[in-house]
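Peer 1: Please arrange chains B and C on chain A, whose structure you already have, making use of the hints.
What follows is each chain in one-letter form.
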Amino acid sequence: MSAVIENHHDDHHHGPAKGLTRWLYTTNHKDIGTLYLWFSFAMFLIGGAMAMVIRAELFQPGMQIVEPEFYNQMITLHGLIMIFGGVMPAFVGLANWLVPMMIGAPDMALPRMNNLSFWILPFAFFILLSSLFMEGGAPNFGWTFYAPLSTTYAPPSVTFFIFSVHIMGASSIMGAINVVVTIMNMRAPGVGLMKMPLFVWSWLITAYLLIAVMPVLAGAVTMMLMDIHFGTSFFNAAGGGDPVLFQHIFWFFGHPEVYIMILPAFGIVSHIIETFSRKQLFGYSSMVWAMLSIAILSFVVWAHHMFTVGLPLAAELFFMWATMLIAVPTGVKVFNWIATMFRGSITFETPMLFACAFVVLFTMGGFSGLMLAITPADFQYHDTYFVVAHFHYVLVPGAIFSIMAAVYYWIPKWCGNMYDERLGKLHFWLSFIGVNVTFFPQHFIGLAGMPRRYPDYALQFADWNMVSTVGAFLFGVSQILFLFIVVKTVMGGKKATGQVWEGARGLEWTVASPAPYHTFTTPPKID
Amino acid sequence: MLLKYLTKFHHITIAAVLLVASPIKADWFALNMTRGITDISNEVFELHMLIFWICVAIGVVVFAVMFYSMYAHTKKKNPVAATFHESTKVEIAWTIIPFLILIAMAIPASKTLVKIYDDEAGDINIQVTGYQWKWQYNYLEDDISFFANLSTDLDEIYNLVPKGENYLQEVDEMVLIPVGKKVRFLITANDVIHSWWMPDFAIKQDAIPGFVNTAWTQVDVPGIYRGKCTELCGKNHGFMPIVVKAVEQDEYDQWVSDKKDVAMKLAELTTKDWSTQELVERGEDVYALNCVSCHLPNGEGIQGIFPALAGSDIALNNKERHIEILMEGVQGAAMNSFSYLSEVELAAVITYTRQSWGNAENGDGEIVIPKDIVDYKQPKI
Amino acid sequence: MNPEAKKTFRKLVIAVPLMFAFGFALVPLYDVFCEVTGINGKVFQSDYEDDLLTEDGRPLAIQFISTNNENMPWVFEPSEEVMKITTGEYYTATFYVKNTTNKKMVAQAVPSVAPSNAAAHLKKLECFCFEQQELMPGEEALLPVKLLVSNELPENIKNIIMSYTIFDITDYNDEPMASHEMNMEH
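Protein sequence lines, in the order shown, are assigned to chains A, B and C. Numbering-wise (the numbering used here), the first sequence opens with residue 20 and increments by one. Numbering-wise (the numbering used here), the second sequence opens with residue 866 and increments by one. Numbering-wise (the numbering used here), the third sequence opens with residue 71 and increments by one.
Simulated from the structure, these hints should not be mistaken for lab results. Check the hints yourself; a few may be wrong.
Claimed, not checked - Lysine to aspartate or glutamate pairs mimicking EDC-like chemistry, simulated, CA-CA at most 16 Å apart: (1) C:173 <-> B:1240; (2) C:173 <-> B:1185; (3) B:1242 <-> C:210; (4) C:154 <-> B:1006; (5) C:174 <-> B:1189; (6) B:1100 <-> A:475.
Stated by the list, open to error - These stretches of chain C come out as covered by chain A in the derived footprint (C-beta under 8 Å, 3 or more residues): (7) 76-84; (8) 95-103; (9) 178-192; (10) 233-240.
Said to hold, decoys possible - Okay, the calculated bits of chain A under chain B, using three or more residues with CB under 8 Å as the criterion: (11) 165-174; (12) 321-331; (13) 338-345; (14) 363-369; (15) 385-398; (16) 401-412; (17) 476-484.
We treat Cβ as the ideally placed atom computed from N, Cα and C, and that holds for glycine.
Pulled out of the complex, with its shape left as it was, chain A reads as follows (with noise of 0.2 Å):
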């Protein structure tokens, strides 16, 4: 390159650009990162009102506030919501911010594929909510959406629904494609792949994960579109398909996305619990493999959700072995952050209250998955209310705790303000009661015979399903707090150092608070 063009480049460091465009066109890890971010947020909300609907009408048994057919339009919208707006995006926004700066890099490989994963979410949310207000409704077929209901039996929205996920689709895997190419190819000299920070680490196993599953979604979504517009027949019996059929592709997709969702959350916890026990993270190489071993077994473990569909019993037989033996792994995980705590030097600021919080809630996540992975018995949790506070419990105190500790640790990063602690730990607290109050009791009303994706129940399921009503209004109103809180953080609030936390190790606390816009424009010497 000339010199005249080097100038000219020198420039552009001075900062961001000036004016709302600048969220338009910017094509900076920080800034997309933080679009990201904030679009999660949103749709957390959004997906949170629509948690407060459906157990507004859980309340109490009998039909007080919607119809039945409006109710599933709720539970569907809220899991596709939350899946696909809140914690996924949430977690790209995170491996936008810190990635390339753990990496030491100067920002991502593609920075306009960066622009452009982001700017077709907003959009695609768009058409899917909108479909509320379209004739016959939103989607009303569960974010499972299973065939035929999906198909035959769908409302008219189920086209805006399907072009709605090749979307999200299309963004997750331009972003993941983005990751690996960072990573794999800008590291700085001497960070070596068994170096890498564990948040880099697990978002590299996520990123490979999502190129690999979600155009078998896009696979699944396109054979309904085809179904339903063009005639064949995938997934219809009479035409020589099969509504199974559906099941196993929606399901290789499914499985591997439920770990996608927690791969990074086990990233971050693994910074946060070293740096608040000012000791080193023990076990770092079995902490890589045992996310490696997590995300191939998760290849192998689909059927798992589709016990009473009529498999053969050497199917059933396998699938419950593979998937018991995920607990191998994950156990790891959890042994190794407990022996980083052990003889640590622990203080419980925010970040790490969440960061505890996960550990233990998560696993008893894992405990209730074990037993849904014994077949016989699964026949009795299957589709109950035992399912539903599994994978609440795993989701919620799992990837969405995680998600707020990374906020209330790397926020002082990326604004230069530290949040006010006490409002923090109290948004902890009021989410933490809230929480269990909500979903403990589900693992309950679920063993004593709730199915889940009822709008009504049975008296015997009343008074366990009140208290999970209040502990969600609970949970909710502390989100509110939580809004609060962080916008409170960035108009200000004590400066914080580029340090940050004294036990913080890693290339991000290297340079200061706020972190400026071009951050390792050189790479950084590393020892």
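Peer 2: Leaving out everything else, chains B and C in the frame of chain A:
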């Protein structure tokens, strides 16, 4: 004193009263899976409790270490952190030990699963078909067949009257089975995927259109056992329960013979002379069971999805098309054929809809009698 | 992007349509898997096989179930609900159908076998489920299934369920298909 306290903290009092004054049969102690009533269900329950207690034990040990550390290794109590950060020996230990625990769990689990799958012939075979939103039962040996609909009143669901003891768990036709005999269920569906769950028998199999799944049970204790649909199947997924009654052999035999009589009487009814009044009354019941979910009690339907019958051109002026729709369904729409209903029921419900909501006054007022339906079914070459 | 990065990018971009194609490949793979292992209760057309015939067969009962999908308005019943057979011999079972409407209709019968591990041992030479069935208004027919249960069937299976569900596919395609002559003499 107490009164003073209660009035001062009246918000809390009200909340507590509301929480405690739950509807009858609300149950704080409904915490666990049922043991059920069969050998298999008991075995499944024991397996469930075994895995549960193992998980509790592991949790207690692991969390004890963690909570101890959170207490004893704070910066205050332990200002200088240790520096150990790896140990291959320990890692191997806490990989192998959990693996061994899993094997200990997998063995009884696999044994029970093999037992459940050991599906030889049944003494009695019942075909179970899931419909939107009811179950049909077809006893293959005795050739009797009937539908079972939720029998809880809409008024209870919409909070207009108090809820009965078996709210949402009662049906108009119970499935009778004899005690001590092996009963096999052949489960399929008519439209979308449903799932037939009997917790007391530890049976759950998906009902998939076009395919048949089997499950078996042997009940030795007479009683009434209640189950539910456990696969999202549309709007009334929560409103299609199952009730099985296990009875002694002689009571079962009597019931079978009564059902056969009913089938014969129905055949006779088809040829009898019906008055408009009788048809409308019968039709109202048929409508309440089969049509009201979509077309609503006032015949207005839901705009854009389910057409209105009140004031509809077909109900007013086109008796032939009206019969045709009920007999053949509407291709490409949610309206399926109802030809499986008896000729009496079909005639009655068509007459009811042609005579209600002002349709009789505003239209041709034509009624349909059972013989019309019989005629429709004749070959027309 | 440096050349290394470009290579990684290219590989990943190719992986995407490959995985999309894999999703579609699961469709035939699923059927292949079912056929090869004989599980899932699917039975495909077999050829006549001498070796399967045996004099030493054991007794077995086959129960026939019929279901009308979405209440499609034909009469559809097995001629015999239970057929007592011996393994290693060919039998013909029939189903009675009648189009009770005043329109020409086309149906597709879909079979399902239980228990699923019996499917591999059930050989069908001929089955009305292999073809679409067209009936004129009011037309009736006896539809045949020619089958053999091999002696290799596991000992503990004493009873096989053969279930057929008929689906109304009148509007599915406009091409004419094999219509069924009145065939009452079987």
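Peer 1: It remains to establish, for every hint, whether it holds in the given structure.
Peer 2: Structure-based check of all given hints:
A C-alpha spacing of about 15 Å is found between residue 173 (chain C) and residue 1240 (chain B), which places the hinted pair at or below 16 Å, so the restraint holds. For the suggested pair residue 173 (chain C) and residue 1185 (chain B), the alpha carbons sit about 14 Å apart, so the restraint of at most 16 Å is met. Our distance criterion of 16 Å between C-alpha atoms is met by residue 1242 (chain B) and residue 210 (chain C), whose separation comes to about 12 Å. As the CA atoms of residue 154 (chain C) and residue 1006 (chain B) are separated by approximately 14 Å, the hinted pair is consistent with the 16 Å bound.
The straight-line distance between the Cα atoms of residue 174 (chain C) and residue 1189 (chain B) is roughly 14 Å, inside the 16 Å bound, and the hint therefore holds. For a cut-off of 16 Å, the pair hint linking residue 1100 (chain B) to residue 475 (chain A) stands: about 12 Å separates their Cα positions. Here the region 76-84 of chain C counts 4 residues with a CB under 8 Å from a CB of chain A, which clears the bar of 3, and the coverage holds. As drawn, the region 95-103 of chain C meets chain A at 3 residues by the rule of a beta-carbon pair under 8 Å; at three or more, the given contact holds.
With a cut-off of 8 Å between beta carbons, the region 178-192 of chain C has 4 residues touching chain A; three or more are needed, and the interface restraint holds. Three residues within the 8 Å Cβ limit are the bar, and the region 233-240 of chain C against chain A gives 4, so the coverage statement holds. For the region 165-174 of chain A, the stated coverage by chain B holds: 6 residues have a C-beta nearer than 8 Å to a C-beta of that chain, and at least 3 were required. With 3 residues carrying a beta carbon less than 8 Å from a beta carbon of chain B, the region 321-331 of chain A meets the three-residue requirement, and the given coverage holds.
Using a Cβ-Cβ cut-off of 8 Å, 4 residues of the region 338-345 of chain A lie near chain B, which meets the minimum of three, so the contact claim holds. Counting residues of the region 363-369 of chain A whose CB lies closer than 8 Å to any CB of chain B gives 5, which reaches the minimum of 3, so the coverage claim holds. Only residues whose beta carbon comes within less than 8 Å of a beta carbon in chain B count, and the region 385-398 of chain A has 8; three or more means the coverage holds. Under a criterion of three residues with beta carbons nearer than 8 Å to beta carbons of chain B, the stated coverage of the region 401-412 of chain A is upheld, 3 such residues being counted.
Residue count for the region 476-484 of chain A with a Cβ under 8 Å from a Cβ of chain B: 8. That meets the three needed, and the coverage hint holds.
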